[in-house]
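Residues per chain are reported as follows:
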Amino acid sequence: MNDLDSLIRKAPVTRRVFIQGTTLAGVAGFLAACGAGSSPKPTSDAITGPLNFANWPAYIDLTEDESSSPTLTDFKAKYGIEVNYKEDIEANEDFYATLAPLLGAGLDSGWDIIVLTDYMAARVVRAGWIEEINAANTPTAHANIRDELKGLAWDPDMKMHFPWQSGATGVGYNLKSTGRDLTKVDDLFDPAFKGKVTMLTGYADTFSLVGLLLKAKGDISKLPADMSYEDAQKVHDFIKPYVDSGHVRKFTGNEYLQDFGSGDTWAAMVWSGDLASSGGEDDRFAFPVEGTIIWTDNMLIPKGAKHKGAAEAMIDFVYDVKNAARLAAWIYYISPVKGVADEIAKTDAVLAANELLFPSAATAKNMFPQPALEDADDIKWADLASNLEGA
Amino acid sequence: MRKTLRSRRAIPYLLMAPGLLWLLLFFVIPNLQMLLFSLSEGTLRTGFTTPPEVFDWENFTGGIDQFSGNFRNSIVYGGLATILCFLIGYPLAYSIAFKGGRWKSLLLFMVIAPFFTSFLIRTISWKIILGNDGPLLGLIRDGLGLVPANFSILGTPLAVVGGLTYQFLPFMVLPLYISIDKVDRRLIEAAQDLYAGPWRRGGAIVGGVAGALLLIALQLGLGYTSATGEAATLTGLVVGILIGAGVGGVVGGFLVSQSFIRVTFPLSLPGVFAASILTFIPAIGDYVNAQLLGSPTTQMIGNVIQGRFLTQNDYPIAAALAFILMAGILLSIALYARLLGTEELTGGTA
Numbered sequence: 001m002n003d004l005d006s007l008i009r010k011a012p013v014t015r016r017v018f019i020q021g022t023t024l025a026g027v028a029g030f031l032a033a034c035g036a037g038s039s040p041k042p043t044s045d046a047i048t049g050p051l052n053f054a055n056w057p058a059y060i061d062l063t064e065d066e067s068s069s070p071t072l073t074d075f076k077a078k079y080g081i082e083v084n085y086k087e088d089i090e091a092n093e094d095f096y097a098t099l100a101p102l103l104g105a106g107l108d109s110g111w112d113i114i115v116l117t118d119y120m121a122a123r124v125v126r127a128g129w130i131e132e133i134n135a136a137n138t139p140t141a142h143a144n145i146r147d148e149l150k151g152l153a154w155d156p157d158m159k160m161h162f163p164w165q166s167g168a169t170g171v172g173y174n175l176k177s178t179g180r181d182l183t184k185v186d187d188l189f190d191p192a193f194k195g196k197v198t199m200l201t202g203y204a205d206t207f208s209l210v211g212l213l214l215k216a217k218g219d220i221s222k223l224p225a226d227m228s229y230e231d232a233q234k235v236h237d238f239i240k241p242y243v244d245s246g247h248v249r250k251f252t253g254n255e256y257l258q259d260f261g262s263g264d265t266w267a268a269m270v271w272s273g274d275l276a277s278s279g280g281e282d283d284r285f286a287f288p289v290e291g292t293i294i295w296t297d298n299m300l301i302p303k304g305a306k307h308k309g310a311a312e313a314m315i316d317f318v319y320d321v322k323n324a325a326r327l328a329a330w331i332y333y334i335s336p337v338k339g340v341a342d343e344i345a346k347t348d349a350v351l352a353a354n355e356l357l358f359p360s361a362a363t364a365k366n367m368f369p370q371p372a373l374e375d376a377d378d379i380k381w382a383d384l385a386s387n388l389e390g391a
Numbered sequence: 392m393r394k395t396l397r398s399r400r401a402i403p404y405l406l407m408a409p410g411l412l413w414l415l416l417f418f419v420i421p422n423l424q425m426l427l428f429s430l431s432e433g434t435l436r437t438g439f440t441t442p443p444e445v446f447d448w449e450n451f452t453g454g455i456d457q458f459s460g461n462f463r464n465s466i467v468y469g470g471l472a473t474i475l476c477f478l479i480g481y482p483l484a485y486s487i488a489f490k491g492g493r494w495k496s497l498l499l500f501m502v503i504a505p506f507f508t509s510f511l512i513r514t515i516s517w518k519i520i521l522g523n524d525g526p527l528l529g530l531i532r533d534g535l536g537l538v539p540a541n542f543s544i545l546g547t548p549l550a551v552v553g554g555l556t557y558q559f560l561p562f563m564v565l566p567l568y569i570s571i572d573k574v575d576r577r578l579i580e581a582a583q584d585l586y587a588g589p590w591r592r593g594g595a596i597v598g599g600v601a602g603a604l605l606l607i608a609l610q611l612g613l614g615y616t617s618a619t620g621e622a623a624t625l626t627g628l629v630v631g632i633l634i635g636a637g638v639g640g641v642v643g644g645f646l647v648s649q650s651f652i653r654v655t656f657p658l659s660l661p662g663v664f665a666a667s668i669l670t671f672i673p674a675i676g677d678y679v680n681a682q683l684l685g686s687p688t689t690q691m692i693g694n695v696i697q698g699r700f701l702t703q704n705d706y707p708i709a710a711a712l713a714f715i716l717m718a719g720i721l722l723s724i725a726l727y728a729r730l731l732g733t734e735e736l737t738g739g740t741a
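So the protein lines, in turn, are chains A and B. The first sequence begins at 1 in my numbering and counts up by one. The second sequence begins at 392 in my numbering and counts up by one.
Honestly, the hints are just simulated from the structure, not real lab data. Be aware that one or more of the hints could be misleading.
[Unchecked claim] Taking CB as the label site, the calculated pair distances span:
{"#": "1", "chain 1": "B", "residue 1": "Leu-478", "chain 2": "A", "residue 2": "Ala-192", "range": "34 to 40 Å"}
{"#": "2", "chain 1": "A", "residue 1": "Ser-221", "chain 2": "B", "residue 2": "Leu-726", "range": "52 to 58 Å"}
{"#": "3", "chain 1": "A", "residue 1": "Ser-245", "chain 2": "B", "residue 2": "Leu-416", "range": "43 to 49 Å"}
{"#": "4", "chain 1": "A", "residue 1": "Leu-175", "chain 2": "B", "residue 2": "Asp-533", "range": "17 to 23 Å"}
{"#": "5", "chain 1": "A", "residue 1": "Ala-376", "chain 2": "B", "residue 2": "Thr-508", "range": "44 to 50 Å"}
For every residue, glycine included, the Cβ atom is placed at its ideal position computed from N, Cα and C.
Kindly produce the complete structure, drawing on both the sequences and the hints.
Below is the structure:
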């Protein structure tokens with residue numbers, strides 16, 4: 001019964017699919033037909049609530065009984081506003097698809113903060129769908145952001161985004177089910193795990209990580225970020241037989257967490273911190289020897305957001321070193337905030353040595369970014385991915 | 392005088408108006424919109440070129456071409472689910488109608504009871520039942536040791552067809568019950584008085600052939616022959632056919648009477664027609680079961696339409712596929728009605 005309850009509560013995929021399926025198709029078609037509407041109203045600096053915050057599952061700290069989040073509670077207490085925090089983002093592409101009809105038509109998306117991975121953040125910034133972040137309202141964030149995260153081509157001066165966390169894409173597995181430790185991307189293709197393997201939707205993670213495997217095998221000469229369409233085709237052709245034979249059971253977003261919980265997934269392509277923070281005791285994450293994909297998820301304020309002031313307050317709040325340390329310690333991802341390592345080391349030496357939060361130099365050397373494709377290429381690659389996904 | 396006459400003539404139209412308006416707003420207009428999209432070019436991100444600038448019939452031909460596998464999955468899974476629903480539903484409806492007695496309403500209530508739970512929650516509970524740690528695998532893998540450790544049911548066609556069968560069973564049972572319950576008992580008594588006994592030899596032959604055909608359809612449709620989930624092989628096929636023929640023969644020969652074949656079943660045909668259409672249409676267009684219980688190879692056309700609309704934002708292809716699906720369903724129903732004959736549809740002359 002508990003199983004059922006938690007599954008139902010944690011079934012965002014189904015909820016999303018269903019809601020989209022019933023309502024959004026109509027809305028999207030209608031909006032697209034209307035074409036671009038009026039431009040959204042300007043927003044003020046005043047900190048008013050509720051702050052509508054869309055984030056990924058397993059991406060915020062929770063109390064012992066998992067009923068609330070200390071970070072959000074403290075934020076509410078400090079500013080006296082409500083936070084409507086929803087774990088609505090399971091995959092970049094799917095969430096983009098819910099935003100595109102609204103933001104494309106110049107309408108308010110209903111969110112004040114959204115969190116998207118680099119390539120998708122760059123795409124929505126290019127599309128002009130993002131509000132500028134007022135530097136005067138975010139002094140802590142500007143002061144505390146790690147230097148290597150600054151100066152990105154799509155937003156060199158931190159006007160449009162601030163990183164939420166960075167993380168890696170690697171191999172996750174349940175030690176009890178697999179019966180051995182997995183160390184390679186290649187381990188995902190072990191015949192013993194047939195039907196119990198899942199990969200990630202879209203091309204950004206799956207094609208990059210399998211690209212690294214093919215590079216190690218010598219079939220591809222380029223790193224993921226430099227892969228050509230022909231290389232992507234090779235990755236597709238490598239994975240396809242495993243899909244057809246039923247070896248790869250599914251392509252998932254964050255819902256792999258539920259499949260690990262129910263035992264239906266033994267080994268999968270996963271994001272680094274999730275299994276440590278929200279998985280079972282036998283669930284492990286490995287930085288595969290072929291290499292790991294590194295990415296950053298970024299906070300963005302969508303155009304026309306009704307509570308921009310509150311969103312900026314939240315961005316500044318999570319860049320406070322103490323708040324950032326508390327967050328990173330719970331979710332096991334790489335914090336974008338300077339001094340978090342020292343802050344955590346003060347109380348927990350074991351955690352301060354955890355590779356998930358603070359990758360060692362050796363691990364970091366083996367981390368590679370995802371491809372950042374322009375629209376035309378993106379559509380071609382997405383078609384390859386959707387062919388694998390069967391729909 | 393003339394005034395009242397005119398207003399009286401207007402009454403039927405007034406009564407129809409809400410329904411017609413509803414259809415116009417939520418069926419005709421969206422469909423015209425879809426038709427325009429299905430002939431357009433582009434995606435949400437690149438912008439659309441709509442008729443009359445372009446008439447892109449490529450969406451239709453290319454759509455069929457690219458997604459023929461998904462169409463095939465839809466037809467096969469929807470068809471198998473309908474057949475299984477019929478095989479489970481007819482005896483159930485028959486028993487409730489003829490043997491239900493004072494428990495009739497309770498039994499009917501139990502048939503529709505699952506509808507009090509959300510469709511999604513029912514599908515998710517199937518995920519648990521069929522899952523790795525679920526009771527079914529617990530029995531056949533851990534208890535009886537029939538299958539290897541990494542055997543899964545989730546992610547196979549069997550799971551999808553099973554889910555569809557479960558979801559749409561009430562759509563089958565209720566119309567069947569209504570038409571079976573309407574059968575005049577005196578006709579059956581008359582048939583028995585006229586020496587309509589057990590079906591014996593005819594039943595054994597018909598049942599045997601039907602059973603064999605069903606097993607062939609199941610094995611080819613699901614790609615299974617053995618309990619261990621191996622792909623279809625000739626030996627497996629033959630064993631399956633023999634089992635199906637044996638079971639069908641026994642059922643046909645011993646359980647079915649001539650009065651049923653000659654009286655009850657023909658009189659319930661309108662119900663069979665309505666029930667199978669009510670089951671087949673939602674089953675063929677369903678995408679939730681394939682999404683939650685299936686794998687990439689079991690995705691149905693509904694999944695493609697959903698993905699094209701909502702993930703790729705490729706409205707033209709999605710609209711074209713939706714039209715193809717709609718046309719296909721209409722066509723097959725027309726054909727089906729033709730085969731079953733129109734007078735059975737209206738209830739026959741009995």
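Hint check:
In this structure, B:Leu-478 and A:Ala-192 meet the distance hint of 34 to 40 Å, their C-beta atoms being roughly 37 Å apart. Look at A:Ser-221 against B:Leu-726: about 55 Å separates their beta carbons, and that is inside 52 to 58 Å. At roughly 48 Å, the beta-carbon separation of A:Ser-245 and B:Leu-416 lies within the given 43 to 49 Å, and the hint holds. Between A:Leu-175 and B:Asp-533 the beta carbons are some 19 Å apart, a value that agrees with the proposed interval 17 to 23 Å.
The supplied range of 44 to 50 Å is met by A:Ala-376 and B:Thr-508, whose beta-carbon atoms lie about 46 Å from each other.
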